[in-house]
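Protein chains: 2
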Amino acid sequence: MTILESRIAAEGNAERGGTGAFPGRKVILGKDQPLRLDSGVLLPAFPVAYQTYGRLNDEGSNAVYICHALTGDQFVAEPHPVTGKPGWWNIMVGPGKPLDTDRFFVICANILGGCMGTAGPTETNPATGKPWGLDFPVFTIGDMVRVQAMLLDHLGIEQLFLAVGGSLGGMQVLQWVASYPERVFAAVPIACAARCSSQNIALHEVGRQAVMADPDWCGGDYLSQGKQPRRGLAVARMGAHITYLSEQALHRKFGRRLQDREAVTYGFEADFQVESYLRHQGISFVDRFDANSFLYITRAMDYFDLEAEYGGVLASAFQDTKTRFCVFSFTSDWLFSTEENRMIVKALNAAAANVSFAEIETDSGHDSFLQNVPEFHRVLNGFIAGAAEHRGLPRSGLG
Amino acid sequence: MTILESRIAAEGNAERGGTGAFPGRKVILGKDQPLRLDSGVLLPAFPVAYQTYGRLNDEGSNAVYICHALTGDQFVAEPHPVTGKPGWWNIMVGPGKPLDTDRFFVICANILGGCMGTAGPTETNPATGKPWGLDFPVFTIGDMVRVQAMLLDHLGIEQLFLAVGGSLGGMQVLQWVASYPERVFAAVPIACAARCSSQNIALHEVGRQAVMADPDWCGGDYLSQGKQPRRGLAVARMGAHITYLSEQALHRKFGRRLQDREAVTYGFEADFQVESYLRHQGISFVDRFDANSFLYITRAMDYFDLEAEYGGVLASAFQDTKTRFCVFSFTSDWLFSTEENRMIVKALNAAAANVSFAEIETDSGHDSFLQNVPEFHRVLNGFIAGAAEHRGLPRSGLG
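So the protein sequences, as listed, match chains A and B.
Take the first sequence: its position 58, counted from the start at 1, is 60 in our numbering, and no numbers get skipped.
Take the second sequence: its position 85, counted from the start at 1, is 87 in our numbering, and no numbers get skipped.
No wet-lab data here; the hints were simulated from the structure.
Hints should not be assumed to be uniformly reliable.
Stated by the list, open to error - DSBU-like, lysine-lysine: derived pairs with alpha carbons at most 35 Å apart:
1. A/K132 <-> A/K33
2. A/K255 <-> B/K348
3. A/K99 <-> A/K28
4. A/K99 <-> A/K324
5. B/K87 <-> B/K132
6. A/K33 <-> A/K229
7. B/K229 <-> A/K229
8. A/K348 <-> B/K255
9. A/K87 <-> A/K99
So that you can see chain A by itself, here it is in the shape it has in the complex (with noise of 0.2 Å):
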């Protein structure tokens, strides 16, 4: 056992904020020092809980880092201690697999903000011993990824392999190569953009005003009170389903077919499939998911803009860079589209960067980089051989 995998062991069993016991890796990072968030607050010690798959090489060289979506979590390829389910990067991360675990030591943590045990809202605030609820401080992408770099300093890995993520996924790591430009050996930024577009912005609104105007919302002290915004959360997922899928994919999955009848009901039930698979997107999602998160983590993209961030000029973020990149797209992506992700090609571009640009042809929308697009892991199979055999990586094993 290595020093890596002895402390590791040692973070088994971690407690879900407020929820009770699952099992996971957790680590108190900030003990010495406290975190200072791009809002210019203090954030004290604070939990992150993280997963890893695979193992280190001798040499730390083969961490890739998997930075998770608006409503993922570190339980990326083990089944789901909420709900049971498969972990949603199953067809990505395992043995043989593109983020091949007999070959990567593959890291995920809970993201800041997030409900799955990392500090968020949901978790105890030590100055009053409550959940932290509206009292947590607003924060950033930046702020994210300043703690995922906390962690890797925690198991001592100097460089990622490989930062790779979808949509704020995505974001995260066009952040990474910002922040850390010396730490991210290859980054592969899928189906995302480098700032959030008013679009973005008004429909995230939309979900965070159906969340609080929830009245068992309470002003964003639920947990406090024992209540949960069950109605306005399950509203507001149902609204952003909608904007995972494509109309096409939409189409050919239910169409205007019937939900077990043969006729209309000339009523509000759930006639159309659609509207039953929505309804219970929405009521699944507030069992495994918390509100403010919610609204913390959408605000968190809101205020993502590299461009802003650096100058007003998008290449600025990526000067020098000698990370390699590989920037995926999909056609039927209206969320983050093609035109988003070819502004960040074309930034890196403008930087010199080593870049490769794959616009995958398919009709399944945003949600393509969680599903089985054959196009899409023969691509990203393709870009992690090249850098692997770059970064000097046998082809197979830890060697």
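With chain A fixed as given, assemble chain B onto it according to the hints.
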């Protein structure tokens, strides 16, 4: 004063159900026999509130019927009695405008289920003396048009020169031709579809769930209980409003500009202009629209599927039609895309109909039909001029 004019004059000063008096014309229809709805339910004598502009000529050949959209009403070209704002189609209706009131007799009635005086959930249920609420029967777009045909019977108008409308209004125009092929000389469906798509239904369902999640909805009985589901309806409106604008229009109008501040606040106030705008849209909507009407009308849209209604062949809806069509779509409309509109045109072609199709290049999204889009107005003017000539109407005035 003609017979029609004295009849209309006698129908002045309608009452708005439940919310006090407002100016307007109203007639009670179905007094002789109740209206049989598509659901099979019989609707007893019911009010229809409508407005007219211009004068009917002696031949009765210059009537234009405007079908309004989901949140529109009969106050097309005059100040709105509740908000005081200009009529919603002022740009289109008036002397010298495309729907020239010096030439045409323009009629618009509040649609069935609306909340501006026509029968709907806010009106009084004669059986109970209380507002209908959810006891109002669920209806279809076919029923809406049936009511409009009854209004024309009442006004003594045999055939419309033109039926025109955008969005839900365009759907009504299609239904008009399908249900009453002899009564529509020319038809202009704008930015619509011959059926609601899976995505359309999904978006409607999120809006309905937002309304129904509000405890002040009171199971639909809020009027009797002196309440209003203001928060839920505002959220529904905010979500719907995003779908009326294109991503480009939102970017052009708001971008990532901040609202009355120099820097973000690290909080959940409306930091961004687009948030402030959407909140305003939501809040002001609630003052002029009814939550149950929103449920019923979106449901009627969900149920709309002309192809299914006509044996699975859309062209059958227009068989042997003599109506002259001009179909409009807008390039940046993602709610009812050019593709959906093209399906209408294809069906009309298959029915050997006289049809023009204009896809208007604009970044203004679905709402383009309400806005000053010169190319749209130019083509519409040309179509109306040609149709009027074929109908034998004089080039100006009532002849």
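Here is how each hint holds up against the structure:
no.	hint	result
1	A/K132 <-> A/K33	20 Å, holds
2	A/K255 <-> B/K348	24 Å, holds
3	A/K99 <-> A/K28	26 Å, holds
4	A/K99 <-> A/K324	26 Å, holds
5	B/K87 <-> B/K132	30 Å, holds
6	A/K33 <-> A/K229	32 Å, holds
7	B/K229 <-> A/K229	23 Å, holds
8	A/K348 <-> B/K255	25 Å, holds
9	A/K87 <-> A/K99	19 Å, holds
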